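2 protein chains.
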Amino acid sequence: MTNPVIVEVTRGSLVESQHRGALVAVDGDGKVVFSIGDIDAPTFPRSACKAMQALPLMESGAADAYGFGDKELALACSSHNGEDAHVALAAAMLARAGRGVETLECGAHWSSSQKVLIHQARTMDKPTALHNNCSGKHAGFICACCHRGIDPNGYVGYDHPLQAEIRGVMESLTGAVLGHDNCGTDGCSIPTYAVPLRGLAHGFAKMATGNGLEPLRAKASRRLFDACMAEPFYVAGTGRACTALMEAAPGRIFAKTGAEGVFCAAIPEQGIAIAVKCDDGHSRASEAMVAAALSRFFGKDDPIRASLAAMATIEMHNWNGIHVGDIRATAAPTA
Amino acid sequence: MTNPVIVEVTRGSLVESQHRGALVAVDGDGKVVFSIGDIDAPTFPRSACKAMQALPLMESGAADAYGFGDKELALACSSHNGEDAHVALAAAMLARAGRGVETLECGAHWSSSQKVLIHQARTMDKPTALHNNCSGKHAGFICACCHRGIDPNGYVGYDHPLQAEIRGVMESLTGAVLGHDNCGTDGCSIPTYAVPLRGLAHGFAKMATGNGLEPLRAKASRRLFDACMAEPFYVAGTGRACTALMEAAPGRIFAKTGAEGVFCAAIPEQGIAIAVKCDDGHSRASEAMVAAALSRFFGKDDPIRASLAAMATIEMHNWNGIHVGDIRATAAPTA
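Going line by line, the protein sequences match chains A and B. Under our numbering, the first residue of the first sequence carries the number 1011, and numbering increases by one thereafter. Under our numbering, the first residue of the second sequence carries the number 1011, and numbering increases by one thereafter.
Mixed in with the good hints there might be a few duds.
One copy or any two copies: either way a pair holds, since identical chains are not told apart in the list.
Within a straight-line C-alpha distance of at most 20 angstroms, the following computed SDA-like cross-link-like pairs (lysine to any residue) qualify [said to hold, decoys possible]:
hint, residue 1, residue 2
1, K1041, T1020
2, K1136, W1329
3, K1125, S1182
4, K1136, G1331
5, K1125, T1138
6, K1136, N1330
7, K1229, A1075
8, K1310, V1334
9, K1136, N1328
10, K1041, A1228
Since the hints were derived computationally from the structure, they do not count as laboratory data. What you are looking at is a predicted structure, and each value in this text was computed from that prediction instead of being measured.
If we strip away everything but chain A, and leave its shape as in the complex, we get (with noise of 0.2 angstroms):
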């Protein structure tokens, strides 16, 4: 099927560009709640399901034995913008398990931040695995090893007992057969796995309320959406969509972003997930789009409709500060 367009990208009078895709927002159960277009076509999650793939970190114990709190929990499921804070932050990660930078193998890029890249520019000859965007993650995939006493040399690799030990998560919480099949390579180099949009939204769902999780699972989920939620900043960073919509509803939203046009979100107080793809892989759809499907699940007079909705449509401005036109999601649903 061809998904409906989500989002439009107007100049002047006229719909300059647009974009199409999916989502879908269930509950615990999994029962749909609603849904735009195919929420069956296999999707890569890519970033957008470190939360998923932090849970060995925790329910090994490793993150109790390293004494990490809410700062380094949220920056083990962020797409951070590599900060100074963040950059430190993943160090003394790795440094709790006695690790350093050369023991991570995401690779290193600049800034996908333009203030943050020309703060880089500026203080340093050039980006180390530190700096890059999944540096919290792979932190916490080397802690959930070195706590075990597994080598982390090759975590990274399809077949390490690290990734294994996640295929297996997400399977079940997605309810996907993951395998060679339906992997692809990530950005920092670990697999990943398309799974139906509706299956992505359902493990985030049963994240969030618990639903058919095991106690320790149930447990180190609430744990680190709570993490997320109080430290947003350490999920992604200065200007992000992820942390702007944490801070738009303190302790009520979880956020997660992922590569070519996916988003995440849950609001656990009322057991509901969503996830958005879009077709194109353009992220300024994606964000218009989850912001105003979030944006629906709070009452007509509660201040945080009206900060989500804002970021539903997004005003964008030239280079002399004129309104030209504006990016806007067309097909939001009604809760």
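Starting from the known structure of chain A, fit chain B onto it as the hints suggest.
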């Protein structure tokens, strides 16, 4: 109508994202050689029509009066990277008209090229209007005004004599009626007019062939195309698609990108022009499609065909250099 998928983005063995769009190739008489999708949909050409907007600079005699050669003319048609050579040449063009950066009305921005941005961050406090990707075009605008004794103040405005002249040039070339109803404001603050994609391609085919043009305009058009093909670095810069396409076929291909997934190109020796619009505005798709479409006009044994085909399938490598997927044109028609 719903445009077809023109570009797929793969990861592993799966399609992760896809881009829809329209494409048309026409000859100098406006006859459609081939097309994909809705080629009559109003489309903002954005920066893809800069060579059209540079015609007053030529036709007024300003370019000759100020002694502009290929590099200056290419820069007048450019969306440049803000590299040092681009910035210096824009300043030199303004100086020929006795003007400086203060006359530019395009606004300032850092380079969108990561490599150039790092260099800029290390060598200057903040960018000026000379670093704006449109500064060469704007320098050309100002020169066209000053040579004729027209006050350049407010030259970006819809009602300024220069913009009225450009409006007339574009109406004549594209066959579209332009006015407030199909006008938006571009990133650099000048008016941009939505025209049917077919008309945009026809305008470039007229410029490439001279068909139906007065001798002055035919000569000016040919000189601008020749300048861009002779100095492709000044049309875009290091690592950019416009530059790479023109370098792949020296003196035989003219190519110019525009924001929001537009690409225009011409093969003057064959009297053909092409226009592409990716529905969702992503340049990775318009770049792959224009390369695929251009490749079909070169013989099976011509190395240019292979060079262009290679640009129509771009390998994506992650931070560790692992080949994770491809961006590939899927709907390239046979010429």
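Here is what the structure says about each hint:
Taking CA atoms no more than 20 angstroms apart as the test, K1041 paired with T1020 passes in neither setting, with 35 angstroms inside one copy and 31 angstroms between copies. With identical chains, the CA atoms of K1136 and W1329 are at most 20 angstroms apart between copies only, with a shortest distance of 14 angstroms across copies and 29 angstroms within one. Taking the shortest Cα distances, K1125 and S1182 never come within 20 angstroms of each other, neither inside one copy (40 angstroms) nor across copies (43 angstroms). In this homomeric assembly, K1136 and G1331 come within 20 angstroms of each other (Cα to Cα) only across copies, at 17 angstroms, whereas the closest approach inside a single copy is 33 angstroms.
In this assembly of identical chains, the alpha carbons of K1125 and T1138 lie at most 20 angstroms apart whether taken from the same copy (18 angstroms) or from different copies (17 angstroms). Taking CA atoms no more than 20 angstroms apart as the test, K1136 paired with N1330 passes between copies only; the shortest distance there is 15 angstroms, against 32 angstroms inside one copy. Taking identical chains as interchangeable, the C-alpha atoms of K1229 and A1075 lie at most 20 angstroms apart only when both belong to the same chain, with a minimum of 16 angstroms there against 77 angstroms between chains. Taking the closest pair of Cα atoms, K1310 and V1334 never come within 20 angstroms of each other, the shortest separation being 29 angstroms inside a single copy and 45 angstroms across copies.
In the homo-oligomer, the alpha carbons of K1136 and N1328 lie at most 20 angstroms apart only across protomers (17 angstroms), although the nearest pairing inside one protomer, at 31 angstroms, exceeds that limit. Within a single copy, K1041 and A1228 get their C-alpha atoms as close as 19 angstroms, which meets the 20 angstroms cut-off; across copies the closest is 65 angstroms, which misses it.
The structure is inconsistent with the numbered hints 1, 3, 8, although it conforms to all the rest.
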